[in-house]
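**Q** Assemble chain B onto chain G, guided by the hints.
Note that the protein sequences, when read in sequence, are chains G and B. Heads up, the first sequence is in our numbering, so the first residue is 1 and it goes up one at a time. Heads up, the second sequence is in our numbering, so the first residue is 1001 and it goes up one at a time.
Everything labelled a hint here was simulated from the structure, so no lab data went into it. All C-beta atoms, glycine included, are put in the ideal place defined by N, C-alpha and C. Hints may contain errors.
Said to hold, decoys possible - Heads up, incomplete: computed chain G residues facing chain B, CB under 7 Å, no partners named: (1) Asn72; (2) Ala100; (3) Phe371; (4) Leu379; (5) Glu382.
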Amino acid sequence: MLKRRHFLGALGAASLGAGCSLRSQGPITIRFWNGFTGPDGRTMLRLVRRFNEANPDVSVLMQRMDWGTYWNKLFVAGLGGRAPEVFVLHTRTLLRFARAGFAAPLESVLGDFPTDDIDENVWAATKIDGKHYGLPLDVHAMGMYYNKKLFREAGLDPEKPPTNRDEFLNAIQKLKKPGKNGEPDQWGYVFTNAETCTYTFLNQFGGAPFNTDFSKCTLTNKRNIEALEFCRKLISDNLIPSPENFDSWIGFRQGRVGMVFEGIYMLADLEKQKDLEFGGAPVPQVSAEKAVWADSHNLCLKSGLEPRVQEAAWRFMRFLSDNSVEWAAGGQIPTRPSLRATPEFKKLTVPSAFATQIPFVKYQPQLPFIFEYLTEYNLAVEKILRGRASASDALGAAEKRINEIILRESVSPSAPNNGETK
Amino acid sequence: MRRNHWSGWLFAAPHLILFLVFVVGPLLFGLGLSFFRWDLLSTHPAGFVGTENYREALGDEYVYKALGATVKFVVLAVPTTLLLALLLAVGLNGVIEKRRGFWRSLIYLPHLLTVSVVGLLWRWFYNTEFGLFNAYLAPFGLKIPWLSDVAYAMPAIVLMTLWWTLGGPMLIFLAALQNVPAAYHEAASLDGASAPQTFFRITLPLLRPVLLFSMVMNIVGAFQVFGQVYMITRGGPELSTRTLVQYIYDTAFNNYRMGYASAISWLLFLVIAIFSAFQFRLMKERK
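Bound-form chain B, shown alone:
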């Protein structure tokens, strides 16, 4: 019994050691840092300031602005991603096997590009005067200021994100769909169930664990959105797309205010933790 116990730890060790050194360690270091004022370029020495950084963050209009932008991204991106990915997966599931691979690869392909490539490409697509989209829209007399208008910038980033990331959840849903035993569907059709009935009464409930899991992962990921925004708008126009992670990045690596950046990071961590806890609870209850 005792031996088994040890061998378990041994198997987990490679991951555990790296996890402790590169995740838990920095996490705690950051927590400590958030109680210090440590401005690398200040002529003043670093010093313990208690909860001062948190107090500053809670009174900082840019924190709220960034939180607002982040929430906007989450609300716009997550439901559309999940819904479209599910639709695509269901559609693909109906395609005959020989052609399915081709379409699946096609949809997944953008996911293989790095965010810098996607960003550069879409920045050109979106250019108001000289971009691709407006060139196609010009015959209809439309000229959309994709990235230079506060109203369009965030939806534009979400659109790009959909194109870029849809392939991931789509693959997961497709795999889950193919795991639904064919016998269930046969039984249902023998009992005279229509296609929508089969989908909503059999397929969807069986997909629920996968759906919830994807939702949690997507929300956690969306709260940490950075790459797309940073590449496409740098947080503009008028800071309307500067998300929390970008604000943290700016604070730490451009303004070199390490303590303050750590404090905002921990506030973001708190927000994500609350959401995740809530969702995992939801998952448990539904079981």
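Excised from the complex, chain G in its bound form:
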């Protein structure tokens, strides 16, 4: 461990250059980085301003950039010891940043924070090796958006969206309408994001990609196969179109798709579109289990801060959490039940509908090699949905590779004859 630190330190020192530490008497500067570049960013900026006005001894500087850039910048800054004092991480990436030593566990700063006012499963998901590394701000659960106008035209009740498999399949069939030149023009459902949609189905079928301690990949588990065969069948029965990597969303916005499963963060996008009459509802339950994909934005604290800076940073984090009902106005679902019980939140119909799913949301597994895992998973899903491989073959190939990665991760490079070191 020490050796790795030195290695990181050397690179840090080399790239640090002008890294200076200002410790003057003025207000404490807290840098706050996030990837909120949409309307959520404007909401966040308002909150930051309010905090700065109420706390003259602290000055929070917020910087936002798109998530892709953000991860790289944050990681490189962390390597150079220049990570911002407060930053946002998704639950699925907490482990990586905690492992790298960039985020501090929150146990020592929590104080009288009412942790029982955070959804239990959401709070538990931020725990790594017994410690919490992020203060969850929201849960962006997946939900169902549906086009009320198309529902009416198809003879479906726009106030009663499907809730189970039969209703869902029935709606898909009724909403599907052939276009002018023999091509189907209007669809009942499309996969917008195959990764998150299939993960929802996978969990509804009771499947799981790993065993409980993540020491083994279990993608070829019978239930995973069943779930993906169900997804494939929707396509092979010509009920829904073959997945287009990202842009099926446009189809929903154009009013040519009846239902899509997407995150709550897409709400702002839809609300801009005045001619679209849409509703939000929980994702229909197509198999034995209740489950939907979700992720959370967590506020994280840089590790190794001096006490007075840490106190100021925590005060800011707590302020954001306490005021996260305003955050909901930016299209998010606060993760504190007491705030969701307020009339302010209840009048937000779509977030309220999505929020009913919080007790059974499913996060992606916490893995240091999450990206490699998702690459393999998505490759398998693509092959299955396009009918280029059977579910068991594609998942089998992915499982084999992921188990190789697990093995690679468990081997230390400084012990080439690793077989003997155990």
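**A** Leaving out everything else, chain B in the frame of chain G:
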């Protein structure tokens, strides 16, 4: 004599210093790194592993897959770019001077857009169900799965690249064409040469150095293709358009396996270096 020597270095210094610090330095750092296993998120310390990373790369099916995708892009994109750019340049050279500027700007215009803008735009153009191209093709009963079919994805990226980058080499060729002394053409026409004869016997040989130079630069650039692919397909469908640079990017900045990514980078460098050496040799011989 000695003084002159020093002043030469002095003039070169501003570039040289930056070149050493930002190009040669990282290059050598990367070479060193490629002999270490340095996985940022591993609980194991970084350690020297000798040629292990290179051995892993040579046995990694994804390296070959990415190399295949890269070569496919080079083979599809470079000859078409050069040929179309030359055709456009010759065509423009024949347009009367007053209108030439307008057409030249028009063809060069896409080049001014950043790759993210071009990518977002074309991703919509190419969408199977809701895209622009298929909307135009629908009356003919055609529906092409531009980006979701392994057979179409790479050609689609090449098509977009042509639209985006053709302006660059076209400008260079146009400038070269205008440098061909008019007297040569006059002399040829006095001797009764036809237009094709003039083109193939006089214009083309005079363009050869520029053509070869453009070819080298285009090949080197095409081997490093990343932006278009990353914006449009993210390497899909089924990783069929994931090029080597994207694989390196994924390995270093998503998987945080710095040593391994450096090793693949050096393998790519080797491939490009061999091609370039071969081509420069070709240039010398033809002189």
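**Q** Okay, which hints does this one fail, numbers in order?
**A** Violated hints: none; all satisfied.
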